[in-house]
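Chains as they are written, first to last, in my numbering: chain A, 160 to 437; chain B, 160 to 437; chain C, 160 to 437; chain D, 160 to 437.
Heads up, some of the hints might be wrong.
Note that the list lumps identical chains together, so a pair holds whenever it fits in one copy or between two copies.
Calculated cross-link-like contacts (lysine-lysine; reagent style DSS-like; alpha-carbon spacing at most 27 angstroms) [stated by the list, open to error]: (1) K425 - K219; (2) K420 - K379; (3) K161 - K222; (4) K249 - K419; (5) K396 - K407; (6) K379 - K396; (7) K161 - K219; (8) K379 - K249; (9) K407 - K419; (10) K301 - K249; (11) K396 - K161; (12) K425 - K396; (13) K407 - K420; (14) K407 - K425; (15) K379 - K407; (16) K419 - K396; (17) K420 - K396; (18) K379 - K425; (19) K379 - K301.
If you're looking for bench data, these hints aren't it; they were derived computationally from the structure. As the structure is a prediction and not an experimental result, all values here were calculated from the model.
Protein chains: 4
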Amino acid sequence: MKSILLASCQDSRGIIHAITDAILRIEGNILDLEQHVDAQAGQFFMRAEWDGGELAAFHKRFKPVADRFHMWSAYYPARQTQRLALFASKEEHCLIDAILRVESSQLPAEVAVVISNHDTLRSVVARYGVRYELFEITNENKREQEKAILALLDTLNIDVIGLARYMRILGEDFVNAYPNRIINVHHSFLPAFQGARPYHQAYERGVKIIGATSHYVTEKLDEGPIIEQAVQRVGHKYEVEDLVEIGKEIERQVFYFALKKHLERKIIVFDNRTIIFH
Amino acid sequence: MKSILLASCQDSRGIIHAITDAILRIEGNILDLEQHVDAQAGQFFMRAEWDGGELAAFHKRFKPVADRFHMWSAYYPARQTQRLALFASKEEHCLIDAILRVESSQLPAEVAVVISNHDTLRSVVARYGVRYELFEITNENKREQEKAILALLDTLNIDVIGLARYMRILGEDFVNAYPNRIINVHHSFLPAFQGARPYHQAYERGVKIIGATSHYVTEKLDEGPIIEQAVQRVGHKYEVEDLVEIGKEIERQVFYFALKKHLERKIIVFDNRTIIFH
Amino acid sequence: MKSILLASCQDSRGIIHAITDAILRIEGNILDLEQHVDAQAGQFFMRAEWDGGELAAFHKRFKPVADRFHMWSAYYPARQTQRLALFASKEEHCLIDAILRVESSQLPAEVAVVISNHDTLRSVVARYGVRYELFEITNENKREQEKAILALLDTLNIDVIGLARYMRILGEDFVNAYPNRIINVHHSFLPAFQGARPYHQAYERGVKIIGATSHYVTEKLDEGPIIEQAVQRVGHKYEVEDLVEIGKEIERQVFYFALKKHLERKIIVFDNRTIIFH
Amino acid sequence: MKSILLASCQDSRGIIHAITDAILRIEGNILDLEQHVDAQAGQFFMRAEWDGGELAAFHKRFKPVADRFHMWSAYYPARQTQRLALFASKEEHCLIDAILRVESSQLPAEVAVVISNHDTLRSVVARYGVRYELFEITNENKREQEKAILALLDTLNIDVIGLARYMRILGEDFVNAYPNRIINVHHSFLPAFQGARPYHQAYERGVKIIGATSHYVTEKLDEGPIIEQAVQRVGHKYEVEDLVEIGKEIERQVFYFALKKHLERKIIVFDNRTIIFH
Numbered sequence: 160m161k162s163i164l165l166a167s168c169q170d171s172r173g174i175i176h177a178i179t180d181a182i183l184r185i186e187g188n189i190l191d192l193e194q195h196v197d198a199q200a201g202q203f204f205m206r207a208e209w210d211g212g213e214l215a216a217f218h219k220r221f222k223p224v225a226d227r228f229h230m231w232s233a234y235y236p237a238r239q240t241q242r243l244a245l246f247a248s249k250e251e252h253c254l255i256d257a258i259l260r261v262e263s264s265q266l267p268a269e270v271a272v273v274i275s276n277h278d279t280l281r282s283v284v285a286r287y288g289v290r291y292e293l294f295e296i297t298n299e300n301k302r303e304q305e306k307a308i309l310a311l312l313d314t315l316n317i318d319v320i321g322l323a324r325y326m327r328i329l330g331e332d333f334v335n336a337y338p339n340r341i342i343n344v345h346h347s348f349l350p351a352f353q354g355a356r357p358y359h360q361a362y363e364r365g366v367k368i369i370g371a372t373s374h375y376v377t378e379k380l381d382e383g384p385i386i387e388q389a390v391q392r393v394g395h396k397y398e399v400e401d402l403v404e405i406g407k408e409i410e411r412q413v414f415y416f417a418l419k420k421h422l423e424r425k426i427i428v429f430d431n432r433t434i435i436f437h
Numbered sequence: 160m161k162s163i164l165l166a167s168c169q170d171s172r173g174i175i176h177a178i179t180d181a182i183l184r185i186e187g188n189i190l191d192l193e194q195h196v197d198a199q200a201g202q203f204f205m206r207a208e209w210d211g212g213e214l215a216a217f218h219k220r221f222k223p224v225a226d227r228f229h230m231w232s233a234y235y236p237a238r239q240t241q242r243l244a245l246f247a248s249k250e251e252h253c254l255i256d257a258i259l260r261v262e263s264s265q266l267p268a269e270v271a272v273v274i275s276n277h278d279t280l281r282s283v284v285a286r287y288g289v290r291y292e293l294f295e296i297t298n299e300n301k302r303e304q305e306k307a308i309l310a311l312l313d314t315l316n317i318d319v320i321g322l323a324r325y326m327r328i329l330g331e332d333f334v335n336a337y338p339n340r341i342i343n344v345h346h347s348f349l350p351a352f353q354g355a356r357p358y359h360q361a362y363e364r365g366v367k368i369i370g371a372t373s374h375y376v377t378e379k380l381d382e383g384p385i386i387e388q389a390v391q392r393v394g395h396k397y398e399v400e401d402l403v404e405i406g407k408e409i410e411r412q413v414f415y416f417a418l419k420k421h422l423e424r425k426i427i428v429f430d431n432r433t434i435i436f437h
Numbered sequence: 160m161k162s163i164l165l166a167s168c169q170d171s172r173g174i175i176h177a178i179t180d181a182i183l184r185i186e187g188n189i190l191d192l193e194q195h196v197d198a199q200a201g202q203f204f205m206r207a208e209w210d211g212g213e214l215a216a217f218h219k220r221f222k223p224v225a226d227r228f229h230m231w232s233a234y235y236p237a238r239q240t241q242r243l244a245l246f247a248s249k250e251e252h253c254l255i256d257a258i259l260r261v262e263s264s265q266l267p268a269e270v271a272v273v274i275s276n277h278d279t280l281r282s283v284v285a286r287y288g289v290r291y292e293l294f295e296i297t298n299e300n301k302r303e304q305e306k307a308i309l310a311l312l313d314t315l316n317i318d319v320i321g322l323a324r325y326m327r328i329l330g331e332d333f334v335n336a337y338p339n340r341i342i343n344v345h346h347s348f349l350p351a352f353q354g355a356r357p358y359h360q361a362y363e364r365g366v367k368i369i370g371a372t373s374h375y376v377t378e379k380l381d382e383g384p385i386i387e388q389a390v391q392r393v394g395h396k397y398e399v400e401d402l403v404e405i406g407k408e409i410e411r412q413v414f415y416f417a418l419k420k421h422l423e424r425k426i427i428v429f430d431n432r433t434i435i436f437h
Numbered sequence: 160m161k162s163i164l165l166a167s168c169q170d171s172r173g174i175i176h177a178i179t180d181a182i183l184r185i186e187g188n189i190l191d192l193e194q195h196v197d198a199q200a201g202q203f204f205m206r207a208e209w210d211g212g213e214l215a216a217f218h219k220r221f222k223p224v225a226d227r228f229h230m231w232s233a234y235y236p237a238r239q240t241q242r243l244a245l246f247a248s249k250e251e252h253c254l255i256d257a258i259l260r261v262e263s264s265q266l267p268a269e270v271a272v273v274i275s276n277h278d279t280l281r282s283v284v285a286r287y288g289v290r291y292e293l294f295e296i297t298n299e300n301k302r303e304q305e306k307a308i309l310a311l312l313d314t315l316n317i318d319v320i321g322l323a324r325y326m327r328i329l330g331e332d333f334v335n336a337y338p339n340r341i342i343n344v345h346h347s348f349l350p351a352f353q354g355a356r357p358y359h360q361a362y363e364r365g366v367k368i369i370g371a372t373s374h375y376v377t378e379k380l381d382e383g384p385i386i387e388q389a390v391q392r393v394g395h396k397y398e399v400e401d402l403v404e405i406g407k408e409i410e411r412q413v414f415y416f417a418l419k420k421h422l423e424r425k426i427i428v429f430d431n432r433t434i435i436f437h
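Excised from the complex, chain A in its bound form (with noise of 0.2 angstroms):
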């Protein structure tokens, strides 16, 4: 059995060998470890990956050490299949790509649900035996909605939601209900074209690159800590509509990497910041 632990907290001396003693006591054979400390913040980040040893056991042997230094930190077993909530509106090209991705094991999870304010996209993901939930929300009904959602998430033990071109901002209650959870896709290159039409904003500048971000969702909108980010070169032939086009590519592509690298357990959030591990 192989598992996984991200740890954090202020730096000090002896940290990786407390930790590596943990490990060893259960009789654990790490696999692959990456550890840095951020000069800067005097902030120490770890991921370990260890063959053997029952978590249970880990558990009982990293406590004090987690407590000796003030950590955070979270383990699992390495091979878990998270469940996962698609959020979509009326464009396909993110939700369709996960799903796929999922059903071809590239992505260690299974699609729970998709839950979309429109009825648009039921029949295309009909195709793919993957269960649909319309919640149509107004300004009036949101808040109530929203509280719907939560509970059938609940219900359905969602582990992590992925807003797949989601075209509905998410309250303070629901976002806080997912803390470092939900992942968002921004289509430009953030902080570059915030708010709506992104596109036609980088159109209007003549940008020579556009790009996409996926971040995680904080209550600032388009500000929670970037995951990843990816670009395109684009000419003066290309029309607004071109770069909406060549966007879906890359808003597939940073969609992708950050549910991987969410569900892979290769994400620790600091400082609105994220390490990614390699």
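Let chain A serve as the given structure and place chains B, C and D on it in line with the hints.
Showing chains B, C and D alone in chain A's frame:
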């Protein structure tokens, strides 16, 4: 003898036919022609390169065509060595890169002078046998000094100005003296992180990609027509100094590209955007 | 109505002028024209797209020009939906990617049929309502089966064939029936790692970048004119399976690019190399 | 004082724990640690960087650990300036790039000498105040001359050799004198286009991407462990000279990367492949 034509006008039928007629009549053989119409603006853009014929003869044949279509146009001998003035402050990376590329004939230009507001780089420039002129600039003497620089540039028959990380904003009169002939390199992926200290901003925001931008200088700071942008992937271990270091590579790259395209007569500016021919 | 012309011939003066004359006479307005001369071969290449006029009328005007310059040429309505046959074996990534891009109109084609030497992908193709034909192939029946496939393609009026990781080498007669109309994707950065199991070879050699190549199929295996290549950075932690996984992304990308450029009539083949218009 | 350790051995439980114990006992604080096991080979690889403690003291604590695990290891002060010898022939691009990067402290080294088999670059090297030694080499005197070079390098306490487009194949004795310390740059994307004139081969084949490779020199030409590869997109308009020109940029890039990673003690060679730490 090879020649180059750049042309732009409101689109209508028969423009290429009329231009190629003028080239044919002087017995020119077209080696490369690129044309397109910007559908949204209804604007025609073209670049042609041909072999044979004299520009004086071409002028005679072409003039009526240009008049008939109310065309903006410019034509040149293809292998003309242009005279370049490079402006710098204290950082040498873009400056020396450009000097070396001129020396190795990667840029079809000669560096007539380096102008700086500091004496810092005098000795490093001396290695390459390039003239170095110091114009110390304060808020008080700026107008006057820029006049003096303009006078010098005039004497030196400067064709194009490259701001190789010149840390002074040029005055309106100066900018207007060389429209679409002053190339600046901005140390961010515009329009993200305008203004000063973009790498600090990028670090704070936790971006995963940083960039640089070369553009023509206009009266509005950081808003001139973009010529080139390039990017580099960065990670969570990178401190501000690392971003600065990597940024230098990207700055060099976009500065070189912009100088090259400009010197090869491959840029048309239209509506604050650039058309960059291949 | 928009039309497209591809043309190539030995270079001489006046060719563009003569072609644009033909377009002007049918009252066509050129929207995009790209031309260049390969200096080494002395060969002229051009693509033009124009609005207005009828192709029948164009034919009449253009014929004498083509004759005069001994030109290879082809012209088409611009927005013609071409009929595509996709060949696959057991892997679906390129196949489904192409089907989805046709469905979303990113590729101007309709998938008339999927042809496979295995039944593996029948159900996954069925989702998209695309016809699936099984032609089991052994060394003994290959010639016969390929004849049968050719007969079917003929019935279906196939314009272009995409080999979406089809693991059978096509016979000479088959290849000659669709010259420069069969597109293959090879799972390496040709000419490195020709033949089978390129990802194993890449792993053994310890390369830092892997790639894929799309090309037109000719009689010589893996040596047809290259249309597109793309690469991805890999590292020392990547095992063969990781290379295969990443390779799939690159294969999809080069296959899509090749189909798109071909369908948009942006490729001329000359001397076993491709001219790809922008 | 900061120190760096590189270590590799057959994998077993407890290795990291034992190493970090040694570091802890000399009161070192680990700032960066990267470890992984190559599952296929069952081989353990690690790099650690720590602050505090003396290397002499570390040696005493670490020696039993290294012995116990039959470990290959090396450790160094982190900010040691290494002595670099650059070999060149007639082309200056890689050579001058490396000299400038040393000068600007991008490479933690000093260039002790430039060795060349031609006098061509003497004056250009003189600009930078670097010693230049000519060793003319014929097939007859090669063995002897290489001996003389080795003697000089020995006198100069050379740590690492960079072949900056040195167009002579080094003899076996020479190569064996600096195992995994001679870095070459090959002007192709190995293993494509081995041997001479790779850009001509690339042109003939009509590839869409060209590349360059830096690697450690071994007895087998062009087959040493690859350190870095990079590529650039090219098109049908590019003639051989354009490929050569673009190739120079890529060559510089992979040469710089290899020197940097080597000087930063971030490379382990195992089984003719390189482990490159981040």
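So, going through the hints one by one against the coordinates:
Taking CA atoms no more than 27 angstroms apart as the test, K425 paired with K219 passes inside one copy only; the shortest distance there is 23 angstroms, against 36 angstroms between copies. Taking the shortest Cα distances, K420 and K379 sit within 27 angstroms of each other inside one copy (23 angstroms), while across copies they are farther apart (39 angstroms). In the homo-oligomer, the alpha carbons of K161 and K222 lie at most 27 angstroms apart inside one protomer (19 angstroms), although the nearest pairing across protomers, at 31 angstroms, exceeds that limit. For the homomeric pair K249 and K419, the shortest alpha-carbon distances inside one copy (23 angstroms) and between copies (25 angstroms) are both at most 27 angstroms.
For a Cα distance limit of 27 angstroms, the shortest separation of K396 from K407 inside one copy, 18 angstroms, qualifies, whereas the shortest one across copies, 29 angstroms, does not. Taking identical chains as interchangeable, the C-alpha atoms of K379 and K396 lie at most 27 angstroms apart only when they sit on different chains, with a minimum of 25 angstroms there against 35 angstroms within one chain. Taking the shortest Cα distances, K161 and K219 sit within 27 angstroms of each other inside one copy (17 angstroms), while across copies they are farther apart (34 angstroms). Only within a single protomer do K379 and K249 lie at most 27 angstroms apart by alpha-carbon distance; the minimum there is 24 angstroms, versus 39 angstroms between protomers.
Taking the shortest Cα distances, K407 and K419 sit within 27 angstroms of each other both inside one copy (18 angstroms) and across copies (16 angstroms). For the identical chains of this complex, K301 and K249 are intra-copy neighbours only, at 18 angstroms inside a copy versus 46 angstroms across copies, given an alpha-carbon limit of 27 angstroms. For the homomeric pair K396 and K161, the shortest alpha-carbon distance between copies (17 angstroms) is at most 27 angstroms, but the shortest distance inside one copy (51 angstroms) is not. With identical chains, the CA atoms of K425 and K396 are at most 27 angstroms apart between copies only, with a shortest distance of 15 angstroms across copies and 39 angstroms within one.
Taking the shortest alpha-carbon separations for K407 and K420, both the intra-copy value of 20 angstroms and the inter-copy value of 19 angstroms come in at or below 27 angstroms. When the C-alpha separation of K407 and K425 is checked against a cutoff of 27 angstroms, the pair qualifies both within a copy, at 25 angstroms, and between copies, at 23 angstroms. When the C-alpha separation of K379 and K407 is checked against a cutoff of 27 angstroms, the pair qualifies only within one copy, where the shortest distance is 24 angstroms, while the shortest distance between copies is 32 angstroms. Taking the shortest alpha-carbon separations for K419 and K396, only the inter-copy value of 17 angstroms comes in at or below 27 angstroms, while the best intra-copy value is 34 angstroms.
With identical chains, the CA atoms of K420 and K396 are at most 27 angstroms apart between copies only, with a shortest distance of 16 angstroms across copies and 35 angstroms within one. In this homomeric assembly, K379 and K425 come within 27 angstroms of each other (Cα to Cα) only inside a single copy, at 24 angstroms, whereas the closest approach across copies is 39 angstroms. In the homo-oligomer, the alpha carbons of K379 and K301 lie at most 27 angstroms apart inside one protomer (18 angstroms), although the nearest pairing across protomers, at 43 angstroms, exceeds that limit.
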